[in-house]
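Trainee: Below are the chains, spelled out letter by letter.
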Amino acid sequence: MLIKRTERQARRGALAQTLSSQSDAGLDRRSFLRRSGLAAGGLAALGTLSLGSVRKAEARMPAKAGAAVTIRKNICTHCSVGCTVMAEVSEGVWIGQEPGWDSPINRGSHCAKGAAVRELVHGDRRLKYPMKLVNGQWTKISWDTAIDEIGTKMLAIREKSGPDSVYFLGSAKFSNEGAYLYRKFAAYWGTNNVDHQARICHSTTVAGVANTWGYGAQTNSYNDIRNSKTMIIMGGNPAEAHPVSLQHLLEGKELNRANYIVIEPRLTRTAAHATEFVRIRSGTDIPVIYGILWHIFRNGWEDKQFIEQRVYGMEDARREIEKWTPEEVERVSGVPGAQLERVAKMFATEKPSTLIWCMGATQHTVGTANVRAFCIALLATGNVGSFGNGANIFRGHCNVQGATDLGLDIGTLPLYYGLVEGAWRHWGRVWETDYEWLSSRFHTRDVGGKPVKMMEVAGIPSTRWFDATMMPQKQVQQQDNLKAMMVFGHGGNTVTRMPEAAKGIAALDLLVVADPHPTTWAVLGERKDNTYLLPICTQFECDGSRTASNRSIQWGEQVVKPIFESKNDYEVMYRLATKLGFADRMFKNIKVNGNEPVAEDILREINRGGWSTGYCGQSPERLKAHMRNQDKFDLVTLRAPKDAPAEIAGDYYGLPWPCWGTPELRHPGTHTLYNTNLHVMEGGGTFRARFGVEREEKAPDGTMRKVSLLSNGSFSVGSEIRDGYPEFTYGVLKKLGWDGDLTAAERATIERIGGNNPDSVGWAIDLSGGIQRVTMAHGCIHYGNGKARANAWNLPDPIPVHREPIYTPRPELVARYPTLPNAVQFRVPNIGFDVQKAAVDKGLAKQFPLINTSGRLVEYEGGGEETRSNKWLAELQQDMFIEINPADAAARGIKDGAFVLVTGPEMPAGQACRMKALVTERVGRGVTWSPYHFGGWFMNVDQRRKYPAGADPIVLGESINTVTTYGYDPVTGMQEPKATLCQIRAA
Amino acid sequence: MARMKFLCDADRCIECNACVTACKNEHEVPWGINRRRVVTINDGRPGERSVSMACMHCTDAPCASVCPVNCFYTTADAVVLHSKDLCIGCGYCFYACPFGAPQYPRVGNFGSRGKMDKCTYCAGGPEADSTQAEFVKYGTNRLAEGKLPLCAEMCSTKSLLAGDGEIIAQIYRERVVKRGYGSGAWGWRTAYRETIAT
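As given, the protein sequences belong to chains A and B, one line each in that order. Using the numbering used here, count along the first sequence one by one with no gaps and you end on 987. Using the numbering used here, count along the second sequence one by one with no gaps and you end on 1185.
Looking at chain A on its own, in the form it has when it is part of the complex:
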């Protein structure tokens, strides 16, 4: 029985039979003792599945005598830590993995997933060739046929329903080049309906953090946590989600005797090593943070100078914080005041302190507000912009940071330029594609007689695609409903409300899944035709760069050629663009070998346009030099010494963005954002002056006054302007008399871009990089020196306020802490308020009394298709399970390890999800937790037969998202899987 994780032994029962090719396997010790030699397995029928494992047996043999073994360096394709993978390759076969000792990020280490990545390119569970459904049967087709048929169908849909009817769901597992190309593809097709996994993991982080101090990313790095004296991990379980990061956390804890505080509803594996564990009710992050801040302000522990110099609106936040007395915090969240006072004192006085968070904080209807509250806590204690402190946001997938940066997002073009006309013109210049032509690709909608250019309207979030497919047409604010889903590298079981998604899949005119595996998309809905599977290779089978959570960019080299008939993302996009008729324009400046665009060339194009976020300095040559010289970078500072080889001397590892200016300028990258202790050319910076220079606000006496948003007497080392300053334009340079430092070529470029008004050309659209270069030569940073915002006036809640989850176990609190009113967001209505009210009125909390929250297992990742297909990982977690407290289990007659039926308030009547119970004190009373990596069972039905033969994952199970419910963050469309309700009964 594997379910009890203390006895996590290989269970040789049912699944061993699926692995019939390894039938010399028997039982492990414990099962052996228990069963006394009885034959194993009840699901012997599964033994008929063909596996064809011969390939692997050959694969791992030592290299033939005399055959050369080469080492290829790539990056682990699982989480965002960015561990180096050293692949031993002989005669085109990946024969072994060695530790990548030289990488400062992982120093040879891996987790279960990283130590098992070699299986991915031998994986006989991979999709082997293009397939389509013909009257409900999977049928093999050729690549040419697939591209031709898909393209023809897309064009027909475009003709009938317009370009916005095709949805481009991309991937956080794309390389940077793939992500960029996919965004560009959607632009040339003519839609902003393009998204990826960041929507459901850290979209609220990006929105919350960027709205606070300028950029939406981890401010420091995993390595820098070694400098922290206090770390709070809130809403995250890095011991399972980012195991190698624990190397830095635990060593930091040991060396500094640091406080290691975990704030969570669940005693996680991360919490097992904590010096202080605070158990909270799911969905009460804001009350807890305000509870901490209440003590900080009450005791005068706040950093007054920091607030005065670098923060706008802290007084407004303070007024809200004062409402959260210890009594109210305990009433709402369950955390006693004395414990929070202890935490507050450590966080505010034993500095530097860092706040680490993950999806426990972000996956809520109040996700953006949670993140904003965390930022306020950091600002109040002066814990941003130096070493050992900051917002250490651990992103999820291996390239979710890069894919976010490169605009796989409904609301922006690559690198956060947004969707305004200026942004399109900027990228049009970079792409050398006419703005009018791009514009002509999009629909223009008539809204009450006023034309609305859909080009400038944010698209539909990936959490709502099925609503946009099935809602009455006039509720979806675009030309027509969604008709086609192009799914590149994205699971179908990680989005909430799966029963609705299944209906949505059935309703689509066209479904294309381009992935190494069929994924749950292929089996979830009832489809008979117009469904295509395209085998895409993994990043180990292609070249490209990826951005780790700490913004370091690492170049991965192709380990082996794509296996079976799979192709890389670039080639598939190129072929499809050719069929759709815009390949010539789209690849104008990108070299294409045969049908395969060259990754380095794509990165060079990113460099040419990536000024806003400092993606301009990381040329492929520089990144490759870093991979060659990994051993030169310091473990803690991530910096190569000045006497290192000239090609990397003084650089930070992976040139963490922003890496300003042209590659030739040799900016070292930025290890810690907003760090005023360093010169900008050494990676220093200030808070970004992104929100204007001053703001009119109401003074306490009721009169209006103008308040500066620029920093007050704080500036980075070596700055010639020794106070706050706005963003730089050509005009500002002229006023300061610094324009004389521009070269003639730089000036000519700026004047060409500016046309009649060159003074307005800003640092982010200057394609010469001259404004950045000159500004930094004067010690200033071109994005300005502003204040961070405790008050973000443009958000629905400018100061975060607590709002109960849509489905709350405490309905009596809803009257005081209701969710936001209904509104139309991202082309679709968000009726969260009505749903919450109905749940309270109907007393659903009595019917569904248990909190349902979810998270990660170390063995699996994301939707889990890839990892559940990896036999070394699948063996370790063979069953979907749900954790339940012994008291709740006893009340329901549930035994540990037994099957249970789980129901949620929105599931179809009479249906339930079947999974195993793990009875444990890890979760408190009234709380359940389950992993979200499972799929392939749907409401008690095993869907294994629906996968193409041989491409079914080894382990299948119910997805918890079949149980999860409605609820969307108003700022990003983030779903709410972390705080909803369920009921459990014995099966």
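One thing to keep in mind: the hints can contain errors.
Far from chain B, some chain A residues (derived; all Cβ distances over 12 angstroms) [said to hold, decoys possible]:
(1) A112
(2) G755
(3) D797
(4) K846
(5) G893
In the PhoX-like style, the derived pairs of lysine-lysine whose C-alpha atoms are separated by at most 25 angstroms in a straight line are [what the hints assert, rightly or not]:
(6) A/K632 <-> B/K1134
(7) A/K73 <-> B/K1145
(8) A/K632 <-> A/K73
(9) A/K128 <-> A/K579
(10) B/K1071 <-> B/K1145
(11) A/K229 <-> A/K304
(12) B/K1124 <-> B/K1145
(13) B/K1134 <-> B/K1145
(14) A/K351 <-> B/K1071
(15) A/K474 <-> A/K160
(16) A/K73 <-> A/K591
(17) A/K528 <-> A/K132
(18) A/K132 <-> A/K946
(19) A/K561 <-> A/K624
(20) A/K624 <-> A/K160
(21) A/K229 <-> B/K1165
(22) A/K632 <-> B/K1071
(23) A/K160 <-> A/K632
(24) A/K73 <-> A/K503
(25) B/K1145 <-> A/K229
(26) B/K1134 <-> A/K73
Since the hints were made in silico from the structure, they are not lab data. Keep in mind the model is a prediction, meaning the values are calculated, not measured. Backbone N, C-alpha and C fix where the C-beta goes; we use that ideal spot for every residue, glycine too.
Here the structure of chain A is known, so what remains is to put chain B in place on it, guided by the hints.
Mentor: Frame of chain A; chain B shown alone:
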């Protein structure tokens, strides 16, 4: 010669199972055989700790003393290995082993379990070093290439240490002194009849 040992620092182990899959990957260990595994005590309760377990390559190994066909031998590096050609699958070593290391490919009694399999400390078996014959039966021979067991080399938090007993004991001792706590070298008294004084 060195005296090779394993040491798992339970205050660092996070049960990430890298050691388990690294072993599977390196030696192509089939489904169901676990040369290494991670055991967690107080699971889900305060005081939860995990330890990575495999053959500890004991001093005076009990498996060797009960083996009726004498298939075990100890190398010059004090690694306990066995010959699958001699093994009759009787299962005595499995009962003798305090760490549950021996594994069998089949279920059954009286020699029908098949040849015993266990951790080789990445040191292969009696066949000539780094040959296909050795690989098929025992997996790769990293020690012969001057490398240490991959499970320890890939450990996510540097919890699992492998190498000469003196050296890894010293690393552990320094760690404990620096951080001020340490729950001891798990299994050392049983395996090596000693502990690490800190």
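Trainee: Run every hint past the structure and note whether it holds.
Mentor: Hints, verified against the model:
| no. | hint | verdict |
| --- | --- | --- |
| 1 | A112 | violated, 4 angstroms |
| 2 | G755 | holds, 55 angstroms |
| 3 | D797 | holds, 35 angstroms |
| 4 | K846 | holds, 28 angstroms |
| 5 | G893 | holds, 21 angstroms |
| 6 | A/K632 <-> B/K1134 | holds, 22 angstroms |
| 7 | A/K73 <-> B/K1145 | holds, 22 angstroms |
| 8 | A/K632 <-> A/K73 | holds, 16 angstroms |
| 9 | A/K128 <-> A/K579 | holds, 23 angstroms |
| 10 | B/K1071 <-> B/K1145 | violated, 32 angstroms |
| 11 | A/K229 <-> A/K304 | holds, 20 angstroms |
| 12 | B/K1124 <-> B/K1145 | violated, 29 angstroms |
| 13 | B/K1134 <-> B/K1145 | holds, 16 angstroms |
| 14 | A/K351 <-> B/K1071 | violated, 58 angstroms |
| 15 | A/K474 <-> A/K160 | holds, 16 angstroms |
| 16 | A/K73 <-> A/K591 | holds, 24 angstroms |
| 17 | A/K528 <-> A/K132 | holds, 10 angstroms |
| 18 | A/K132 <-> A/K946 | holds, 13 angstroms |
| 19 | A/K561 <-> A/K624 | holds, 20 angstroms |
| 20 | A/K624 <-> A/K160 | violated, 47 angstroms |
| 21 | A/K229 <-> B/K1165 | holds, 15 angstroms |
| 22 | A/K632 <-> B/K1071 | violated, 45 angstroms |
| 23 | A/K160 <-> A/K632 | violated, 58 angstroms |
| 24 | A/K73 <-> A/K503 | violated, 43 angstroms |
| 25 | B/K1145 <-> A/K229 | holds, 21 angstroms |
| 26 | B/K1134 <-> A/K73 | holds, 19 angstroms |
The structure is inconsistent with the numbered hints 1, 10, 12, 14, 20, 22, 23, 24, although it conforms to all the rest.
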